[in-house]
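Participant: Top to bottom, those sequences are chains A and B.
So for the first sequence, the working numbering puts the first residue at 1; every next one is plus one.
So for the second sequence, the working numbering puts the first residue at 1; every next one is plus one.
Hint data in this document are derived by calculation from the structure and do not stem from the laboratory.
These figures come from a predicted structure and were not determined experimentally.
Where is the CB? At the ideal position from N, CA and C, for every residue including glycine.
Take the hints with a grain of salt, since some may be wrong.
In silico lysine to any residue, SDA-like type, Cα no more than 20 Å apart, as pairs [said to hold, decoys possible]: (1) A:Lys233 x B:Thr394; (2) A:Lys191 x B:Asn417; (3) B:Lys503 x B:Pro520; (4) A:Lys233 x B:Ile91; (5) A:Lys254 x A:Asn310; (6) A:Lys207 x B:Arg237.
Every beta carbon over 12 Å from chain B, so not counted as near; a handful from chain A, in silico [said to hold, decoys possible]: (7) Thr113; (8) Asp165; (9) Thr203; (10) Glu238; (11) Lys332.
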Amino acid sequence: MDIHPLSTRGACRRNARPLAGLPGLALIVLALAACGGGVNEAADTAASPAAEAPAAETETAAPEPTLPDCGDWGIAMHAWVGYTASAQVVAEVAKNVLGCTITQTTLDEAGTTYDAMEAGSVDVIIEDWGGGRWQEWVDRGAIGEAGLNGNVGLIGMYVPQWMCDANPDIADSANLNKYAEQFITPESGGKGAWYEGPPGYTTIGEKMIAANKLNYKVINTGSEAALIDLFTKAAKNETPALGYFYEPQNFLAKVQLCRINFPANDWTDAAEASGLTDYPETPLVKLATTTLLESGSPFATLVQNFSWTNADQNQVALDIESGMSPAEAAQKWIDANKDTVNGWLAGTGASVE
Amino acid sequence: MTSPADGRQRWLTLLGRRWVLIVLLVVVWWVLATLLRGIHTLSLSTATDTWFTALLRELTAVIRGNRTESPVFIYLFNPIRVGIEGFIDSIRAVISVPAPGNLIPLMGWLGTLAVIALIVYATSNLRTAALCTALLLGCLVLGMWTYTLDTLAMTLGAVALSLAIGLPLGVWAGLSDRVMAALRPGLDLAQILPTLVYLAPLALVFLIGVASATIATMVYSIPICIRITAHAIRSLRASPLEAATAMGSTRWQLLTKVQLPMARRTIILGINQTTLAALSFVVIAALIGAPGLGKPVVEALIIRDVGDGIVAGIAVVLLAIMLDRATTAAVVHTDEVLDMTEHQRRLRRIGLVVAGLATIAAIIASRYLMWAAVVPERLDIGEQVGRIAGTVVTWITTNLGFATTGLNEFITVTVLNPVEGILANAPWYLTVIMISVLAAIIGGRTAGLVAVCLLTAIVVIGLWNDTMITLAQVLLATVVVMVVGVVLGVLAGRSTRVERALKPLLDAGQTLPAFVYLVPVLALFGPTRFASIVCGVFYAAPVVVRVVADGVRGVPAEMVEAATSAGSTRTQIITKVQLPASRRSLMLGANQGLIFVLAVVVIGGFVGAGGLGYLVIVGQSKPELAGKGLAAGLAIVLLGIVLDRIAQSGGRSRPTGQDRWAPGH
């Protein structure tokens, strides 16, 4: 790109000599800012295809309804790959098709993000496992539910596949005590080590152990990284490990785990769980700020319509894990699933072809 | 003065008698703890509230509910938040964050780089400016440009606000004993307050985001600024002051014409320390929404992308070196200017004009030329570096995993479990009594009293068992830190060559955010308490090495010469002369080691260490456990005060800010 001719240059020239020191420099910077920006001006016209496209069409064909202005919105990014996949697909559609300005902010799940939404720094959670933890914020009118996202979460306790192959009855929770000895580590105080899920995730391990009188001790792993590490090693070295895991998680496509089955579930709110039964299947929820939901922006429509399957999510997540950038992986999926995407766009007046 | 041999003798007997008592007590403790194992341990499941944590949880809900309605928020907290946010965002808008719809901020990368170089040149010299430019280019080449500038903007903003509060308070505290006495408890507390503990309460009031992160950073760096500034004013020689007073200066004249100019050097050093402290904190503050380099570092932990985390970590270190050198050079420059000849001054003036013009050209170019506005992609080698780093770490973890697992299990079974057994699996009253008695013996009656009171308070708030689990790890990590610190510290103190070789490692160790090495440590040691201990050692060892080396270097040369001529061997000189003579530094090192280790126990919660650290973390993400998280933070603080009281007693002098944070010195 070449230097743009500066018609206003004269008006912007200031008498600030560098010797005047930093105040002078600050003046120059401010003066330059007032001049309007070369690179930025170019960006303005190039970066908003949605604003341009309808204008171009009105000249040739019958006037189409112009897109309502989408606006600036923030999507909370939680740190598991599956979440990244869902959020990135929504972000790409919003940016490239609806012409929204989207900021993606990495935040811890649950409380942290609800607070951020109340503060207005992000607007959307695309996958929340919380089962109603957000009620307090809903009551205050800060956030609202935006429907299910189509993914179904299933939490459980798992062992590496080789253990189930060697002892098929281990998959029944009633037999866990029989194998407790195998799971003893220096960390677990003479009991079997029960590696619990990361801090933000729904966990009721302590209750399950107490209710089922299991001879195990909860070890709080503190991060998903720790669990993935644990199972990777246990599978590779054929060592025992009992730990928390969940689907949809594309890690399960790489390392085979075997689920321990507890009696069928009887709860939805972890606070009311007896501990006797298994984790429930959790339809995952989308949340949005009331500001977004009431804005009438096409982005609100997109977020409310968005829904896909566990297999869809795994596909994008796997591409991300194998080295593709989230944006590339999302775009690849969008290109291959235009019908689904157009379903989400229903009511916005926009579509992909 | 007594001869070194005499002093040593007295010290040994004094210490000897105490040691016998301590060992006896520990044996009794161990026997009792074994006999009463598992009784009244007050252990509590993570999900269970106590009366106190339930109270705190309700309080958090009330605070959250009031944020939009209560006058305290509408007229006090919210305006503060908005003001700080606006201030930081205006800095970011200049260098790091493009306005909506724009491609670049006010300036492209070349302009920003030129402005920073010019500022460094104007406040110091050309060589430092070139070095700083090179370091920033390093961040750029690593693909971390925007993150780096976000961190820089946050740091500079927080430093500006910290100085605005800290400098006047520091000067005031330097002039008035009464002010100093009023501030001291706060300053002392701030030094032992683990940084991660006040993130949650701040986020509760000021919400997740830039404002909370900035205020948290200020809480961390202001005490350092106050301490050094007050010290600068207080340590001025009396004679010029008396002369000025005798000549009839008013107090104001005395301050502005004599005291401040004379203290200028130390005050700038204080700015240096404030800046580095702020930088280190801004990285951690990513946990409550601070933009910048902390983000990829924290993300790396969660998605196990070791490479990216290391690249971001390197950028943090480069930025820290840059800020350190720039501010240090400014100190030197204040002296150099006085010695300059007229010719040199003219040369410098011409240089500044040329640099100023070049900067303007760079700013203009960065707004109109694409390559100078947006960092060209082919310059970015961050991905390659990340991949290489990732491969190296993977290789290490897969090939050394065997040895590390063995070490981990050995230490856990032979040391950690027994220690935890005595502390956490015995009746709480036994542990409270024993720690308090030991505290009284080691640290004097006050320390014993403090221990009784605060430990009982921990029992009352209901987090006793978790606190003891944490204490076991802290004690073990501190022992390791002291061993490493003394060995390396003595080596560095005795030889400038070793010192020079260690310096970059120590610098990096002190600036590298702990999150960077969590993932490799996790891969090596698994989710264990030992992993958390290793993190604590990494974090705390550099400062202990520095303090010990400083102490050994401070031993008068005559003492060493005397011992050498008396035919002492090298080992004898170290163990009989240099170590005893630097006893104060050793005690200070132990104190600092303890406090630093305690500061990372929260991080240990991320790697399966359990205890208070895990509760702090879980309290931040699960609203129903928010009360427990806050209470755990309080328990860490109480534990910190007890440990500090005990360890402080030996090295009587209070650690200054310099001891706490001294890369580059």
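Participant: Compare the structure with each hint and give your call.
Facilitator: Results of checking the hints against the structure:
1. A:Lys233 x B:Thr394: Distance ~13 Å between lysine 233 of chain A and threonine 394 of chain B Cα, so the pair holds.
2. A:Lys191 x B:Asn417: holds, 14 Å
3. B:Lys503 x B:Pro520: Distance ~23 Å between lysine 503 of chain B and proline 520 of chain B Cα, so the pair is violated.
4. A:Lys233 x B:Ile91: violated, 46 Å
5. A:Lys254 x A:Asn310: Within the cut-off at roughly 16 Å; holds.
6. A:Lys207 x B:Arg237: Status violated; Cα separation ~67 Å.
7. Thr113: About 8 Å separates threonine 113 of chain A from the closest Cβ of chain B, which leaves it inside 12 Å; violated.
8. Asp165: holds, 23 Å
9. Thr203: violated, 8 Å
10. Glu238: holds, 15 Å
11. Lys332: holds, 19 Å
The structure does not agree with the numbered hints 3, 4, 6, 7, 9 stated previously, though it agrees with the rest.
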